[in-house]
Amino acid sequence: MAQPDVVVTGLGATTPLGGDVASTWDAMLAGRSGVTMLTQEWAAQLPVRIAAQLAVEPSEVIDRVKMRRLDRAEAIALVAARQAWADSGLAGSGLDPERLAVSVGTGIGGATTLLAQDDILEASGPRRVSPHTVPMLMPNGPAAWVGLDLGAKAGVHSVSSACATGAEAIAHGLDIIRAGRADVVVAGGTEAVIHPLPIAGFASMRAMSTRNDEPERASRPWDKGRDGFVLGEGSGVVVLERADHAAARGARVYARCAGAGLTSDGYDIVQPDPAGTGFTRAIRMALRDADVDPRDVTHVNAHATSTPVGDMTEIAGLRAVIGDHPVLTATKSMTGHLLGAAGAVESIATILALRDSVVPPTINLDDPEEGLLDVAAHKARHLEIRAALNNSFGFGGHNVAVIFTRA
Amino acid sequence: MTTRDEITAGLAEILEEVAGVTPDDVAEGKSFTDDLDVDSLSMVEVVVAAEEKFGVKIPDNEVQNLKTVGDAVSYIQNNS
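Residue numbers (the working numbering), protein chains in the order written: chain A, 1 to 407; chain B, 1 to 80.
These are calculated hints, taken from the structure and not from any lab test. Values in this document were obtained by computation on a predicted structure and should not be read as measured data. Even glycine gets a Cβ: it sits at the ideal position worked out from N, Cα and C.
Ranges of calculated distance between the beta carbons of each label pair, as one might list FRET restraints:
#, chain 1, residue 1, chain 2, residue 2, range
1, A, 59, B, 55, 27 to 35 Å
2, A, 120, B, 25, 23 to 31 Å
3, B, 77, A, 96, 49 to 57 Å
4, A, 125, B, 16, 20 to 28 Å
5, A, 91, B, 27, 34 to 42 Å
6, A, 120, B, 55, 18 to 26 Å
7, A, 269, B, 79, 51 to 59 Å
In the SDA-like style, the derived pairs of lysine to any residue whose C-alpha atoms are separated by at most 25 Å in a straight line are:
#, chain 1, residue 1, chain 2, residue 2
8, A, 66, B, 27
9, B, 57, B, 78
10, A, 66, B, 48
11, B, 57, A, 128
12, B, 57, A, 119
13, B, 67, A, 129
14, A, 66, B, 10
15, A, 66, B, 13
16, A, 66, B, 25
17, B, 30, B, 45
18, B, 53, A, 69
19, A, 66, B, 35
20, A, 379, A, 319
21, A, 66, B, 38
22, B, 57, A, 121
23, B, 53, A, 124
24, A, 153, A, 138
25, A, 153, A, 91
26, B, 53, A, 116
27, A, 66, B, 24
28, B, 57, A, 117
29, B, 67, A, 68
30, B, 67, A, 128
31, A, 153, A, 93
32, B, 57, A, 124
33, B, 53, A, 65
34, A, 66, A, 138
35, B, 67, B, 41
36, A, 66, B, 49
37, B, 67, A, 69
38, A, 66, B, 19
39, B, 67, A, 131
40, B, 30, B, 52
Using the sequences provided together with the hints, build the complete structure.
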């Protein structure tokens, strides 16, 4: 039996560039940076004092009492999911809740809740620790809250693969629909860990940019002057729907979610395999799964985090598997690295690039590395796109490639 | 000595903060769960906040007896 086609019928996001998809996309096309100075008192002692913080606080959208029960990562997943749900037009459509699933992951989860409650434990004792602590810090919390909010009963899932999480959650959603377990999957990723401990941890790995005096210029994938990634927070959620289900209700379709490839490096806990065979296998797998010819992949939203090692390895692999023709971008130059949300927000950017025939820019690419492929540097570029690829790789050796095609 | 009305008003403040209950809805005859929609985790928060506010100890095995606002007011009045 042929696999059912899966399409994207709703988008939602809250990012350092905007509180919704429209404002995020406008800011991307304008080449705006979401990276700013951390002015909090705790930041003064850190080697890294910049981050891409949310443009709109979740407390502006979610009521105060509900916020008491939500970790920040849960709150913003809820914000993005509600937007995507409203955007899909499925509310009140009579969708059977037993045919609605959720696949929303986080890379780190409720770390800020854990740390805040530990402060309370140390200062005031165990009786003062909030009874909401466990549901706030559990890594399935964001998916569970989204499922609860939408009344999803076909299963609530929370994959976790570090910086590949958002893309893997979407790939998992695709599988759920293809396997016939749901007609609609609300899928994406969320992350909110701008706190001294995670920052200190990443900084100790020497993975982060220390360009503290020039926040907007710190995230610079493929630029010779890049010195690490910039931590960001945000959430992105898409509504995946069986194509015939969407057609039957006359839904607006953004793109086809045509296929995905997932592999693991089996090489190192944090270093990407320098041979790059792990992620090139993922891309080949995605191409086969989507039944797309590499020559038709004219746009790639690359993983490209602005670290010295990873950026160019990805280029070599793309050249080998896709060719010299695609126009690339690294939207992390603007959003920073959203960790578990990166693959979801970047999938949204990929989908909108397809819809609008435009590649969002890679900012700060002032002094490109030799041997780089064609990148939409500084300015957005008009491009008719038939098929587009989103790459996401994560600590642990996770490689996820997702292909979207024109609806 | 704190009056019953003062304790009720104090509980209303806590209930608004913790569970979003409208202060005017808080009266001695109201059940926490059935009338005020306070779930079990919020009730834990209410108890801890009330202990702090009124300087009482409310052991966990007492909490199940505090069905209404009036029950809580009586307990606080008798034990503070």
